[in-house]
Amino acid sequence: MSTAAREAIDHAATPWLFGVAAITTAPHFLHQPGWLSAFAGLILLWGTWLWQGDRRLPGRWVLFLLVALGCAGILLEFHSLFGRDAGVAMLVMFMAMKLLELKSRRDAMVIVTLGFFLLLTHYFYAQGITTGLWLLGSLWLITAALIRLHGGPASPLRATLRYAASLVAQALPFMLLLYLLFPRISGPLWGLPQDAHAGKTGLSEQMAPGAIAQLVQSGDIAFRVRFDGPLPARDKLYWRGPVMENFDGQTWRQSPGRLAAEQIEALSLPVTYETTLEASEQRWLLTLDAPTGLPPETALNGRLTAYARQAISQRQRFRFAASLDFRFNVRESTGVLERNRALPAGLNPQTRALAVDWRNSGKTPAAIVNQALTLFAGRDFAYTLQPPLLGRNGIDDFLFRSKRGFCEHYAAAFVVLMRSAGIPARVVGGYQGGERNPLDGYLVIRQSDAHAWAEVWLDGRGWVRVDPTAVVAPARLENGIGDVLAAGEPLPAVLQLRSDMLRNLRYRWEALNNAWNQQILGYDSQSQRDLLSRLGLADTGWQNLAVLLAASCSLALAALAAWTMYNRPRHDPATRLWHKALRHLTRRQVNWAPWETPLTIAQRVRLEQPALGEAFDRVVEAYLQTRYAGATDNLKTLRAAVAHLP
Amino acid sequence: MGVISSLKQRLFRWQSDGTTRFRLNQRRIFIVPTRGGLLFATALLVMLIGAINYNLALGHALVFLLAGLGMTGMVHSFRNLHGLLVTPGRSEAVFAGETAHFTLTLDNDRKQPRPALELGIAGEKSVAAAVDRLASSKINIPLLARRRGWLELPRIRLSTVYPLGLFVAWSYLQPAMRCLVYPQPLFSSLPPPRPTAQGGARSGEGGEEDFAGFRERQPADSPRHVAWKASARQNDEQGLLVKQFAGGAETELHFDWAATAGMASSEERLSLLTGWVISAANEGRRYGLEIPGQNIPPGSGEAHRRHCLEALALFPA
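So the sequence lines, in the order shown, correspond to chains F and P. When you read off a place in the first sequence, starting at 1, and then add 25, the result is the number in the numbering used here. When you read off a place in the second sequence, starting at 1, and then add 474, the result is the number in the numbering used here.
Just so you know, these hints were derived from the structure itself, not from any lab. Here the structure is a predicted model, which is why all the values come from computation and not from measurement. Glycine residues also receive a C-beta, built at the ideal position from the N, C-alpha and C atoms. Any given hint could turn out to be false.
To be verified - Taking CB as the label site, the calculated pair distances span:
| # | chain 1 | residue 1 | chain 2 | residue 2 | range |
| --- | --- | --- | --- | --- | --- |
| 1 | F | S129 | P | N769 | 31 to 39 angstroms |
| 2 | P | I523 | F | P83 | 29 to 37 angstroms |
| 3 | F | Q551 | P | I523 | 15 to 23 angstroms |
| 4 | P | I523 | F | R183 | 33 to 41 angstroms |
| 5 | F | P181 | P | S705 | 40 to 48 angstroms |
| 6 | P | I523 | F | D350 | 43 to 51 angstroms |
| 7 | F | P181 | P | I523 | 34 to 42 angstroms |
| 8 | F | G485 | P | I523 | 55 to 63 angstroms |
| 9 | F | R364 | P | I523 | 24 to 32 angstroms |
| 10 | P | I523 | F | L527 | 40 to 48 angstroms |
Could you build all of it, start to finish, from the sequences and the hints given here?
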């Protein structure tokens, strides 16, 4: 055994290992720094060149120098050799270096094992369908390489690949059983490194100029929603995120702390829905106004924003209920109202003057709101993702000069106008609308649906949602952003598909992805319990699962062993037909014996069952012809003769 | 004998008389992970912990698929031996110091080939074997014959790590096979012939006097008889040449145990007698052998030579 491990690798088997290294490292080139990819690629080429000429592998000092160089590069790039990204970079480097000291079977096993880890670590970055297919393809190649390594001298390429495919196929039932029955543990076993979930885009908890405009250019999916009932009207689909009350003249921020619980007065029956949130690294969730039913481990913060206990670091499902018509905090504390009237001193004098004018003309707050909306509805204001740059008095610049902006500009200008007029108002960040996939009925909300709107507090009505963008660009709410913007605006490619066929393809692909996410990637301890209770196993502690798993795996193993080892008796069709005819005789009470020849049996039939005699003679004749004359045509005659036995 | 080794003896007990063909079945085949398999298992465990910790659904899938592959590999390693037919063969006698070859025939009546088999005796270098689908293959297992007499074939380990190298399946074969080992020959000049009943007149001719040409060297020929100059003129592929002498075919030689009294031990005496038998047979002369307990009348030919050598090989120590 140990001698086998030290055994030198067959020269012809080495390219298989290069293939294993390449296929497992390749996906990492999407995420690793360019120089590391180049480093790994060059070493692979070098190794191939050495192999081709059967040249001597580089000495220990060369390897040491290369490893030192690689480590230095990784240190410069990531400022660490550990952590998620740096660790993956180290794996890539080690895999490349191992190709330069590939001598024995043991080295080959190290390469294969490194390959497994490289496959695994790629799932930090992607777990889509293509990644799943890549997994299968890689394992196929690895299996073929293992067969080639341990299969003695040169088995033909196609036979090796076919055998590898059958081994992987036979492994699939085990995978399925383990996937379904292996006791699932949710949550990390220990703290994740700092960079475990780096680089996520999404709504942030503050709103600086241009933040949302930038987000809108991403076609990434923010979350998916499935309603239990029919889809509500589009203009009700306001997905509420963080509420921003503090304004410093440039940036809107959340105010710290929890407020007293909301008083929500539902005016319509609640709708219920399930949200599948993509990882956002934020604690707040996105809920339809106004949330009336929350899942456990989540809470509202006094501003109607739902929060989870921990940041959403992976795709997660929540069930909510919402009343789409509601009254919210009709009685509000004076502290909150004061805070929502505050403005930074000395900024935006023109806006203030305008609002003070409105107030002094004796208008009610509701009338002032309408006045402001009328202002935006005027022909001067335009909706664009590429607004001109604004100066220190940004709101003044926008309202009186550029008049071109995006939802965040309108929401901010509106709130400043309201506050200047003494009406409590604040900015709400979130998403609006979404696109329903007709194939699976899921509503898909993308980053490009990010939105900002305003909320004003009116005496007797509580906080009321006002969306100035709806006035400026009504189509934004009805059809989504793709229809609002003029050609040439920087929009994500997915939204620019105007052709029906392409759109249909996209729907299909996204429905497939969603099914993959919901059914396969989303399989967790809860789904495991659901599945088992549907199978009639109510009590599913991990012990029961373990017993079930062991039993089913043993069964599968026994079935596989029986199937692969059973030497099927090779009966040719002629023998099968002959046996059928003999069974027929038994039914007709002919006492034939196993040692009798066909001709003897025919004789016996003529004696015992004369009615059968002629028909059976034809069977015997055809059988003997097939058997000994060797013509395949006779098989048909035999089949017909057996079929015609009375 | 330790507990472990006695357990091993019991566990791996041979269940056949060892002379007839037999089929490897599940009771004869054992399977354990190889070192590579242990590395594989450890890697899977680490990967599983990683997949749980980072909640990687595809990570779970990868680990479970690999675990399935491991189990499948185990079944297939086992299958590579299961149902194999082993037929003990016979072996050619050799001289002590030479390598004996035991021939086994492996029959595969399955429609899949059985590659990458290894057969070996503990402590010896193993030989690789492979049997194609619905085919058979003859395997020679080499074993150094150290001492004269019967060389019993020790227990053979038939093993395979095919297809994935994660498990080694093996079976112990103990066919009742033995190989006769002749004493190691010691070459020296033949003793003088003794007059025979019918041909005393020609008794003066020596066995090594009349040069009659060259012939190719046999393994049993003494190096001293090699015609080095003539051999050097040959091509490389052709072997060494040995001088052949005529004459003396009609004189009978008599190899007597008593005539070897000058040797130090009885083994050396047997060696010397063996050398004489070989030399005489090579020269095509008639010879007889007399050792304690056995007297073989003069004769010639292959059967006679074998008879003499057998007597020497089996001479009680």
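Results of checking the hints against the structure:
Look at F:S129 against P:N769: about 60 angstroms separates their beta carbons, and that is not inside 31 to 39 angstroms. P:I523 and F:P83 have their C-beta atoms about 35 angstroms apart, which keeps the hinted 29 to 37 angstroms range intact. F:Q551 and P:I523 have their C-beta atoms about 21 angstroms apart, which keeps the hinted 15 to 23 angstroms range intact. A beta carbon spacing of about 38 angstroms between P:I523 and F:R183 agrees with the range 33 to 41 angstroms that was offered as a hint.
The hinted range of 40 to 48 angstroms is satisfied by F:P181 and P:S705, whose Cβ atoms lie roughly 44 angstroms apart. The hint said 43 to 51 angstroms for the Cβ distance between P:I523 and F:D350, and at roughly 50 angstroms that hint holds. For the pair F:P181 and P:I523, the supplied restraint of 34 to 42 angstroms holds, since their beta-carbon distance comes to about 39 angstroms. The hint said 55 to 63 angstroms for the Cβ distance between F:G485 and P:I523, and at roughly 59 angstroms that hint holds.
A beta carbon spacing of about 48 angstroms between F:R364 and P:I523 contradicts the range 24 to 32 angstroms that was offered as a hint. In this structure, P:I523 and F:L527 meet the distance hint of 40 to 48 angstroms, their C-beta atoms being roughly 43 angstroms apart.
Going through the hint list in order, the structure does not satisfy hints 1 and 9.
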